[in-house]
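Participant: This is what each chain is made of:
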Amino acid sequence: MITVLDDNTQATPSLSSALRSEWIKIRSVRSTVITLGVMVILGIGISDLASLAGRAAVTRHAHHIINPVSQSLSGMLLAQIVIGVLGVLAFTGEISSNTIKTSVAAIPNRTVLLTAKLITFAVISVVVSELVAFACFFSGQAIMSGPIATASISQPHVFGAVAGTGLFVALLSIFALSLGVIIRRSAGAISAFVGLYLVLPLLVAPLPSPYSTDISKFLPFNVARTLDTIASTSSSTTSFAPLTGFLLVALYTAVMVGVAYYLLNSRDV
Amino acid sequence: MIEVKNLSKSYGSVVAVSNLNFQVTPGTVTGFLGPNGAGKSTTMRMIMGIDHPTSGEALINGRPYRELAQPLRTVGALLEAKAYHPGRTAENHLLAVAAANHLPSARVKEVLEQTGLTSVAHRRAGNFSLGMSQRLGIATALLGDPEILLLDEPVNGLDPEGIQWIRSLMQSLAERGRTIFVSSHLMSEMALTASHVIVIGQGKLIADTTVDRFIADHSELRTKVRSPQIQELEALLNARNAKVNRTDPSTIEVSGMTTEQIGELASGNAITLHELSPMVASLEEVFMELTQGSVEYRATEPVGAAS
Ligand SMILES: Nc1ncnc2c1ncn2[C@@H]1O[C@H](COP(=O)(O)OP(=O)(O)O)[C@@H](O)[C@H]1O
Ligand SMILES: [Mg+2]
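Sequence lines, in order, name chains Y and D.
Under our numbering, the first sequence has 110 at position 110, and the numbering climbs by one with no breaks.
In our numbering, each residue's number is its place in the second sequence (first place is 1) plus 269.
For the record, the hints were derived by calculation from the structure and aren't laboratory data.
Heads up, a few of these hints could be off.
[Stated by the list, open to error] BS3-like mimics (lysine-lysine), calculated; alpha carbons at most 30 Å apart, straight line:
1) D/Lys512 / Y/Lys101
2) D/Lys378 / D/Lys351
3) Y/Lys101 / D/Lys378
4) D/Lys274 / D/Lys493
5) D/Lys351 / D/Lys473
6) D/Lys512 / D/Lys493
7) Y/Lys101 / D/Lys351
8) Y/Lys101 / D/Lys473
[Stated by the list, open to error] If you want the footprint, here are the derived chain Y segments under chain D, 3+ residues with CB under 8 Å:
9) 85-97
10) 102-112
Model, not experiment: these values are computed from the prediction.
Backbone N, C-alpha and C fix where the C-beta goes; we use that ideal spot for every residue, glycine too.
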């Protein structure tokens, strides 16, 4: 018995069928699920260790001052790297395994294909990043409460700092996915992502005084530092206001996504 | 129906495909023959909209692949030995492909059965042997029950039983009016599966004809002659500019003269013959000759290019 396929010659493959396909792809690879698990465990684990360390420091030296919000979000840096790598692999894995040829044969409109991939990955990334951010915050406050005047989610700017940090992590993972489309090789794209995020700030820091801070504040790493503290909500000479910084990185990401669309359409796959 | 029009592709300075023109019609198995590096895979990738042509175009039923309403219903392709994520099971790979073209998931079960992969459907495809990978690739190609099947070296890595299976599959689909376009670098393989053949070398079209015609046109008739007076005969043949090749002390192979001419020459000079038999060139010989031709062509190209 052969299933009879109806001839619906209306339109080329739609975004909704592309989305369904991408969703099956992403959840059917065990390493994706494991990597997300690692991100959750590492993110929350490191954050909680930092909260414990903060609590210990304040207990020993009463004058020691810590910011309970940023202390509880310490693990987000590592979570960022993990989900960034996953973003890169979401595309480069298709290149290295030649799956991309099967994908393009099924969905020849590459704009539709990449849109489905970006949306699917973004949804997963936002959900998991926010989950980690809020879990870090609440568990961290619980760990530190007592010796430290901990933060409450209802205090001004606290919700924004936690949610904003999670959203920023997801945003940069989209940046990483675009890097994967542009560079195509897993190793190269992962190196580029880690280089831009972690190494570039180290290279800029030793520059002479005004240049160092003038350049630094444009780097995603330093924008991220303005988000998880609630100390400042306005810009200063050394950093942008959190929202300004977030929008700046959103602009970087939009440019990268645009380049990714252009290159995926114009190159051979 | 596949139409390739003035199709060319260069990768930097490497010319992979050069001004190809041909059509692949329904109802027959069309072989796509050429030595390794001839440009077969590149041509197939351009037909599938995966590589962009440098110039010219490839059309499916009159339209570029990317404009097809239901690509997998129209064309099924096997392009690479492995084109799936190693961490995904065979079934999930097929489910993802089916979803992309809105094909019912019942088709997944059917193609798994058809390709003999049902028992390994839930195993990670990364552990598959080359033969199983090829079967999964063919299952992917068959998913949309397509009217056109494009297979790039499908028998690579298949066991004899698998080769038999893919040959009869192609033939039965062709009999049902489907268009089958299958590449190989082995002439003998083509002779067993295809009835029409498109031959390329160095990215250029060498022949576009039936397999029988192709063999007839390109085989040079040779005659095997055995005689106790072989040296005498050899001298006579050489004097008439025939090509003579001594295979053992009393046997020669002659080309450039018909069997009849050789027989008459022998009787006219009172030479006793123990054997006089025409030889049909084997398929591989025909093909090797053409391959050599295209290599020679490359060697002489700078001279021609100067004009
Ligand atoms: N992606 C590519 N980049 C550079 N050169 C390529 C690429 N693909 C194929 N080629 C070159 O194009 C020529 C034709 O290759 P191919 O189409 O794979 O031949 P075939 O499939 O007939 O063996 C070869 O010289 C090959 O090296
Ligand atoms: Mg090839």
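Participant: Does each hint fit the structure? Answer for all of them.
Facilitator: Results of checking the hints against the structure:
A hinted pair counts as satisfied when its Cα atoms are at most 30 Å apart, and D/Lys512 with Y/Lys101 does not qualify at roughly 50 Å. For the proposed pair D/Lys378 and D/Lys351, the alpha carbon gap of about 20 Å is at most 30 Å, so the pair holds. In summary, the hint linking Y/Lys101 to D/Lys378 is supported, as the alpha carbons are separated by about 22 Å, within the 30 Å threshold. Restraint check for D/Lys274 and D/Lys493: not satisfied, since their Cα atoms lie roughly 44 Å apart, outside the 30 Å limit.
Taken as a hint, the D/Lys351 and D/Lys473 pair is honoured in the structure, with Cα atoms around 27 Å apart against an allowance of 30 Å. The straight-line distance between the Cα atoms of D/Lys512 and D/Lys493 is roughly 12 Å, inside the 30 Å bound, and the hint therefore holds. Between the alpha carbons of Y/Lys101 and D/Lys351 the distance comes to roughly 10 Å, so the proposed pair stays at or under 30 Å and holds. A distance of roughly 25 Å separates the Cα atoms of Y/Lys101 and D/Lys473; the hinted pair therefore holds under the 30 Å criterion.
With 3 residues having a beta carbon nearer than 8 Å to a beta carbon of chain D, the segment 85-97 of chain Y meets the requirement of three or more and the stated coverage holds. Coverage of the segment 102-112 of chain Y by chain D holds in this model, with 8 residues showing a Cβ closer than 8 Å to a Cβ of that chain against a need of three.
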